[in-house]
Structure formats: C-alpha cells, structure tokens
Amino acid sequence: MNDVDLKTQESIPELLTTFYVGNEYYGIEVMKVQEVTGTPVVVPVPLAPNFVRGLINLRGQLATALGLRELFGAGEAQVNQQMSVVCRMDGNLVSLIVDQIGDVVEVEGRIFEDPPDTLPPGIRKYVKGIYKMDDSLLSLLDMEKITRELAPNLE
Amino acid sequence: MSFSKEDLEEFKLEASEILEIAEKSLFKIESGVDFKSSFDAVFRALHNLKGAAGMMELTSLQNHVHEIETIFMQFKGATAIPKVYVDFFLRGIDGIRTLLAGGEISFDYSPPVVAESAKIELPLSKTAAPDAGASQDNAMDEFVSEGFEMIERVSKALARIEKETPSKEVLNDLYRDVHSLKGASYLFGFSSIGDISHAMESALEPVREGTHAHSVELMNQLFKAIRFLEVEMDGIKKGKVSEENRALAPALVKELGNACRNLKSSTDLVEMKMNTKPAVVANVHSQASSESGEKDSASSIRVPVALLDNLMTLMGEMVLVRNQVLQFSNHSEDLDFLNLSKRLNVVTSEIQGEMMKTRMQPIGNILNKYNRVVRDLSQELRKNITLTLNGSETELDKSLLESIKDPLTHIVRNSCDHGIESPEARASAGKSESGTISIRAYHEGGQVVIEVADDGKGLHRDALLAKALEKGLLTQAQAAGMNDKEVFNLIFAPGFSTAAVVTNVSGRGVGMDVVRTNIEKIGGSVELSSVAGRGTTTKIKIPLTLAIIPALIIRSGSGTFAIPQVKLEELVRVEKSGAEHKIEYLHGAPVFRLRGNILPLVDLNKIMGVKKNGTDSQDAFNIAILSADQCSFGLIVDEIQDTADIVVKPLNRLLRSLQVYSGATILGDGSIALILDIQGISKVAHVGASKTNNKVQRVDQKVSSDFQEYLLVGLNSPTKHALVLGYVNRLEEFKRSAIEISGRNRVIRYGKSILPVLSVSELLGYGTSKLSSEKDTLSVVVIQKGGVFYGLEVDEIIDTLSTDADVDSELTRQAGFFGNLNTPDGLIVAIDPFEIIGLAYPDSVSAGKSDQSAVIPIKGKKKMRPLRILLVEDTVFFRKAVTIILQKEGHEVTIAVDGKEAVEILNRHSEKFDLIISDIEMPRMNGFELAQAVRASQGFSLIPLLALSSRADKKYAEQGLKAGFNRYLEKLKPGLLIETISDLMEGAREAA
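Protein chains in written order, with the working numbering: chain A, 13 to 167; chain B, 14 to 1005.
Possibly wrong hints are sitting among the right ones.
Claimed, not checked - Subject to a maximum C-alpha distance of 27 Å in a straight line, what follows is the list of computed DSSO-like cross-link-like pairs (lysine-lysine):
1) B:LYS370 with B:LYS251
2) B:LYS893 with B:LYS986
3) B:LYS619 with B:LYS589
4) B:LYS195 with B:LYS237
5) B:LYS662 with A:LYS157
6) A:LYS44 with B:LYS662
Claimed, not checked - Partial list, derived from the structure: chain A residues whose beta carbon lies under 10 Å from chain B:
7) PRO58
8) LEU59
9) LEU67
10) GLY72
11) LEU74
12) MET155
13) THR159
14) ALA163
As the list claims (entries may be wrong) - Across the chosen pairs, the derived CB separations fall in these ranges:
15) B:GLY494 with A:THR49: 54 to 62 Å
16) A:THR49 with B:LYS595: 32 to 40 Å
17) A:GLU41 with B:SER119: 31 to 39 Å
18) A:ALA163 with B:GLY494: 38 to 46 Å
19) A:ALA163 with B:ASN610: 36 to 44 Å
No lab work stands behind these hints, which were simulated from the structure alone. All C-beta atoms, glycine included, are put in the ideal place defined by N, C-alpha and C.
Isolated chain A (complex conformation):
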C-alpha cells in the first residue's frame, strides 16, 4: 500500500518558483506565489524585528516585506537590486525579499529528501525538504512556518 502511495505521489510533478538568497537556492510552490516584482518601495516599521523589512503598497493593498537574508541570518545583501516574491497567506500579503529570481522548475517526489540534520537550525525550521536537482540542491521553503513568524501566539 505504502509503495503505491509513494509511487502516485512521486509521479505527480510539482512546479516551484525558485530564487536565490546568498549562494543558496530556494523554492516555493508556484500556487502560493501571487506575483514577483522588482525592488519595491519598502516603508520601514520601526521597532519591528530586523527580518521585517517593512510595508509595501501593492496597488492599494498592504504587504509585509520579509527579508529572507535577515530571517536566515545570511548577513547583509551583496546585491543592490533585490526582488520581491509576493505570496498570499490566509488573506494576508507577504512579500519575501530575495537576492535574485530563478526559473520556475518542475520537480518530482522522486528526488525529494528531508532536510539533513546538519542544516543550521535557524534555517532548517523553515525548510520542508531538499530537491536534488541535477546541478544543485533546491531547498523547499515552508511558507506556513515563515508566515507563522508574523503571527506569534501572544494573545
């Protein structure tokens, strides 16, 4: 039974939007991405944690910009031109600020693996797993976990 399940899963290819932060290669499910924009005007929110870059006016709607570099502790950006990957999560708009946009790639469960234990824990908690691509390793990000950073259980 399990084998059959796995096989059917494996056979369904999935599309990922990919991007780079530092030297690392990341991807998120294409269905979760609303749009990709160039360097947006980000209005900083004082007192917010450093990974919250600020707010973006996305055609009259507010999106919260998250700097993945800051979130992953990747240090200051080397590139000037950063890109924004806008996702809609539970009705809220979240913009991920990344260094560079990659292609939309098709992946299969066959090349999927859990994240290795040696990943830095600060990053590992946001990574669902690794796709072993031909020429590189693609980390699949867990958007739910990332957006949960924006809704800490305070109340």
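Starting from the known structure of chain A, arrange chain B on it as the hints suggest.
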C-alpha cells in the same frame, strides 16, 4: 418539496426578526402600552411564523407555535394579559428559538395559573375585531407597503391579461391578490379599499372561472379601480385621505358590477377578439402600470453583510485613488483634468457618505434586548426595575453595534445587581420601591454616547477604597489623596469586583476592566460617575465608524505616522528660543508646563529608536498632546503635516504586538503611514505607569476649565470682538431706513417698544465704520439692561465661539472693555455691553453705590440690602464676571477657588455669609459635594445655596437640588442671577 440551505437560513433570519417583534410587543402589552396594536403584532408574528414553519416543513416548530398561538388567542379582545401569561409566552418564544436553532424542547402547554387577584376578565365574544384606530405603527406600515405591492402586482397582471390570453396561473394570482387586499384592508378598517377590491374580486370571478372572457369595458373599469386604490393607499400612507377620490368609490363599484354583467360568455371569445382591439385608454394604462411594475417592488432589500463589507473595502480603495488623483491634479495645469478630478472628489465623498449609511443601524436593535435582560434579572433578584430607553434611533456602524453588546450587557447587569437596591432597602431609604435604569443614546461631537444610569445606591467611596487596599491595588497614602472620581475609576482596575456576595448575575470573573478593554478596543471610552445614595451613571463614548477615521499626519525621523484625531487633544509648538514656554527636564525626563500642569513628554524618535537628527536643528518643538487611557502626554514629533481621512488597514499580529501601531494606511501620494497606537505608546514610554491618577486630574481640569460661549462681532477695528453670549437677548437685522431719530438718539421701533440703537464702534472710540454705513441693513445685538432693551449696532455678526481661554483684563482699564481673550485663533477683545450702554446712557449706569437702584432695576423689584456672598468658582473668567455683576449690586464678594477652599473659608470665618454661589464642575471638591458638605455641616447648614453652572440641563439641575442647592442657574445671565438672588433672599427672610 425540499428547501435549500439558503432558504432555511433566510427563514431563520426572518423568524428571529419576527420573534423580536413579538417579544417587544409582549413587553408593550405587559406595560400596558397600545394593547390592541401590540396584541395584533404578537398574533400576526405567531401566525406568520406558524405559516412559514409549515411551508418549510418544520412540523415540530409549527405545532409549538400553533399551541402558543391558540393560548394567546384567548386574550383577543381583552385589555391586558396577566404577568404569568406574559412569562409563559416569553418562554414559548424561547422555545421557538431553541427549535429554530435545531434544538429540541419539551414544553408544558398547560396554561399558567393566574392568581385570583391578577385575573383578567376575558371578553365573552372572542370575535371582537380590532378597530382601525388601534392598528398602528409597524403593523400599519406593513399593511401600506404590502398593499402597494399587491396593487402593483394586480396592475401588472391586468396589463398582461390585456395583451395576451391569460394563463390560469396569472388569473389565479391576480384573484388572490385582490382577495388578500380586500381582507387586509377590512381588517385595518379601510373599508373604501375593501369595498373596491371586493367589487374587483366579484368582477373578476367570471373571468377567472373561464366562463366569460374579459371585455375592454371591464379592463378599463379595473384600471380605474387600480388608480383609485393607488390614490387611496397613498392617502393612507401620508395620513391624508383624498375625499375627492373617496367620492368616486360608489360609482366605481357600480360600474365594475355593470362591466361584469356585460361580459360575453367565452363562446363569443373568438368573435370578440376579431372585433375589438384594446382601447387606447387601456393601452396607456398598461404602459403606465408596467413601468411602475418594473420599479423596485420593495422599498428595502436584503443584502449579505459580507457584500457590504466588500463594498466598504473597495470604497476605501476608491478613497485612496481619489486622494492620489487629487494630489496628482495639484501639479497639473490641464483644466479638463482638474475639473474631472474635482468631480471625482465630490462624487467619491458622496458615495463614501452613503456607503457608511448602509452599515448604520439604529442602536435600538440591541437596546431593546435589554428589556428582556432587565425583566429577567429583576425577577431573579426580586427587585422592581423599570428600564427606560431613549434615543433608540441613534445610528451606529453595525460592527460597532455588535462589539458594544457585551460590555453594555455587563453594565446593565451590574446596575441591576449592585446598583438598584431591594424594594425594602429602597423604601427605607425613602425612594420609590421600583428602581429605574435608563439607557440613553445620542450623538455628540462625532461620537455616539450611550449612558446607562440607575437610581440605585450609588458607589460607596469607602467600600471601594477598602476593597482596593485589600486587593493591594493601592497604598494607604495613595488612597487618602484620591478624589471621588479617581476612586470610582478603581472599578475599572483589573481584578476588582465590589460585590460582597458573588451572585450568578455579576461577579462572574469578568469585571469592569473587561468592559473598558472591549470599549477601548473599538476606540471608545468609558466614564463613570456616581452620587452615593442616588445612583450611578456609566457613560460610553464610541466613534461612529471604524473603517475610515480622521487622523493627523505627522513626520518623525523614521517616517510618516498617523495619529487618530480622537486621541488628539491639542497641538503645541514650543519655540526653543522662547522664554515663556520651555521644555524642562525633571531628573532627565522632559516635561512641559501646560497651563500650570506638568505634562510628561515623549519623544517619538526615541520611542522609535531613531537617532536624533531632525529635532536638534529645528528651532521649535512640535508637541501633539494626546490622551491615553491612564494619562495625557505630549508627543514630540518632527513635523506636523496635515489632517486626512484615512482608511485603516490592519497589521499582522507580529507588528501589532509591538504595541505602538494600531494599523497602517496608504496616503494620497501612495506612501504608507503607520497609525500610532497612542495607548500602546504610553505603555511603552511608561507614561502613567506609576501615576494612574494623572489622567483623572487632567479630566477634572478639563471639565472644570469651563467653556464660555461668546458671540463674535466685527467692529471698525482689525481685531475681532466678543461678548458673552449669555448677555445677548437677540440678534436682529434692521433696514437702515427703519432708523428714526428721537432727540439726539437713534431708535428703531421694536415691537411695541422703542429700541435705542447704539453704535459700538463709536462708543468704543473706533470711529464710524465705513463698512457699516455702506450696507443698507444693520446688524444689531439686542441686550436687556435694567428691563430696557438696547440695540448695539455692530459691523457684522461673525460667529459664536466656545473657548476656555481666560479673560485677561490687566491691560484694559477702559470703560466698555472686559479684557483680552487669548485664543488659538488670535487675540479677541471681550467687551462689556452693559458698560457700553452706560457710556451712551450715563444715567442708567452705576455711578457709585449711591445709585444702586438704577443698575439693574428688574421691573419693580425693590433694592436689596447688600449681602455677603461666598462665590465658589474655579474659572478665572467667571470669578471676574460674576464678581463684577454682584459688586455692581453692592454685594460683598468673597472668593473660593473650589469646594474644599469654600469649606475651609466657611469653617475659618466666624462671620456668616448670607449666600453661597457655587459652580458645579470644580477640581478637588465639586459643587454637589460642596452642597452636601454645607448641608451636613454644623453652623452653616442653613445658608442659601445657589448653583451657577454651564451644565444646566434638567438632569444636572435635579441632581443639584437633590444635593442641597436652593436654586440651580445656568451661567451666565446677569439679570436672572440678580433676580434669583433677591428671590432667594426674600424666601430665606420669610422662612426665618
């Protein structure tokens, strides 16, 4: 037949509305208001519900309602329903609700036993029909709107019949509508409509049965009848029946009958069709009626709230776009574009206004629910409590309405439980056995105010303090220094509950602090006031709507921010070089002296963690004075930009958790501004953390710095002039040609008397103004002095002004001038109209004490002996003004700045005062407390007390009289004051 989920939901919604009407009407029945119409309303509600339940195939519900209805119908024609029955019916309604919610009930349908004394005679005849006069209000409206609908449907159907051979269905529908109309109008006693519809029904009968075909004649008559019904219905709606129309009725009935008799049997149908074409008249009718038929058949429709919410969001977007277009158009020189953007602006504003209205609901929708709450509680607690509702029609945003429901319930329950005493306790306190809780809702200054007042035992200062000490909320030292208001506010402290016994009514672990938190969450505020033994009043203030709020846009080093206007008290600019106002440092903490009070300052840049850069280079500080729940404080910002209506956009939880933002908005230029959470900032800055009473003092201060109303007039001078509005008798505009000359004086015939006209500009030495002599009308302020009216001519009457600015009379020692008012809009000169009249008519002004009788000789009143008066007043202006009035009368005036000082003076001075005149709103000890203290004192309890307050509505006046004042006057009417004093003293002398 099966019904969709939507149908069922619709039905439930409607049912709950019907039940609300029924419940409301039951309460009316209980209180004996409009018995007949209320009875009809309940009956109709039950009956409709039964029918609908049957249609929805909800058998158990239908049976239940039927049982209730049957028992209810026993009271048809009665004049009252016993209380136990009302209870029974209310239980029945609860049962219906349970069934509607999908629950099950076991209901005892045996009628309740009525105590012999409470028995009500049932009428012998159960068929007594309600008469027309009693069917009013809702029922009437329903009838009218339903009637219109039916008439419209009938005329539509008739038009169809005329065009084509009607189907059986159309005919049946038509017939049914006419029939229902007949029934309904007879029921409501509108026999004219009933008669006509009856005739129509009869005339249609053969056509419906198919035995005869309709004729042109019949159709014409039917349309005539429709026309008649429309006019008649309209008359009923407007409450003005057209007699002219009504006179047509008998002829119409006859003609309908004739037309019916002339109908040809259907065998002739074919022949008839060939011979006759529809008459022109009929065509016109059919067009007219089909047009009206296409119109909205109902005057209101049901729209899902989600749709409205969506529209509201889109509206917000549109406002943003509008703002952006406007900003863009500022830089454009294209006239067409400018015009378009202007129109866009106007239209958008209008849409916004209308859109807001769609969300507005009368507050009565929730207030009425408290009838039930209070009723149930009074039974449970064995107290007699009456609830009165005022201002139920006040409208409020639906979402706000929902969120005040629970807090209000809590307050009402509190009033029932802790406020109102048991009947025995009330009787022994000399009060009527039944207590009253009144809920009043009204608009005030762009906010909705809801007051819940009870006439119960009030709050007990010592009990509150003891409790607070016990709970460790206060130290002894703090407790000793608190005034009543501060003590009452302890109730809102977390973890505070005064109920000695925890009942299941209140004291359920949620205290007033939750009420306050919930109210503040929606941008509102709660205030509490109480007089021991007389009751407690809770005042809730809430904004009209939440989605779009007015805000002040400011800049600070780190960006643009918005401050909600409701939190903003005032703006102060402090020049760095200015010697007068200066920011001072208290152990390193910046403070600012605002009208003698020390105000803590918070630097927004510091809060936001921005390194100082901007403010140091500026030559002034901009301070926004804000009110948070615990205190007021000044927020130093770099730049004050503008005010704007902003659309509040929520932030995610992470950003909200920073405490300093309540949302964000997009400004006209597309940039983003964060909305500051003022309470949060005060928390972050630790303002008011240790000094919880800071705010209370501020509030006191604000209330006590009484606002005085002035009339602003223009004279032949660049400065505006003001006179106390209370002095002004009337404002008049006369034609210049109306002026006549009597001796050397200008006069105008004014009613039966002659009004001397004085030019204020000339008398004050400003010279004749060009402006005023060019106009062919003259503006005159009529002042009464010594029983005589005088007309003071001014260049123009500008406005009224309400200000708390004090009059500075140091610089003005000239006759006619009162002093200078330093207002935010500039210097205004306050003038004294009485002295000005004195300048023109020296014989009528006081020339010293020898001439007392001439000062204000109120018709025939004899001169009073000089009195020693203690004037208790905290406002400098009124102190001066009242003192001047009194001294002109020759009285000796001693001044106390508040109630406490007054008591001290009374205690210290052995010589007695003849009269105490006191303000009400004062710091430390207010007028009510002073009056109580005086009345309870040894030695000076008999001194007459006169209240002089700017809050002179009936409620306050009553409270004042209860507290021990002999009279309660509104300030500031000099004539009335003098008259009242002499009245009062005469009374006192007689009593002595």
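Comparing the hints with the structure gives:
no.	hint	result
1	B:LYS370 with B:LYS251	holds (25 Å)
2	B:LYS893 with B:LYS986	holds (14 Å)
3	B:LYS619 with B:LYS589	holds (19 Å)
4	B:LYS195 with B:LYS237	holds (17 Å)
5	B:LYS662 with A:LYS157	holds (24 Å)
6	A:LYS44 with B:LYS662	holds (23 Å)
7	PRO58	holds (4 Å)
8	LEU59	holds (5 Å)
9	LEU67	holds (5 Å)
10	GLY72	holds (5 Å)
11	LEU74	holds (5 Å)
12	MET155	violated (14 Å)
13	THR159	holds (8 Å)
14	ALA163	holds (4 Å)
15	B:GLY494 with A:THR49: 54 to 62 Å	holds (60 Å)
16	A:THR49 with B:LYS595: 32 to 40 Å	violated (49 Å)
17	A:GLU41 with B:SER119: 31 to 39 Å	violated (54 Å)
18	A:ALA163 with B:GLY494: 38 to 46 Å	holds (44 Å)
19	A:ALA163 with B:ASN610: 36 to 44 Å	holds (41 Å)
When the structure is compared with the earlier hints, violations turn up for hints 12, 16, 17 and for no others.
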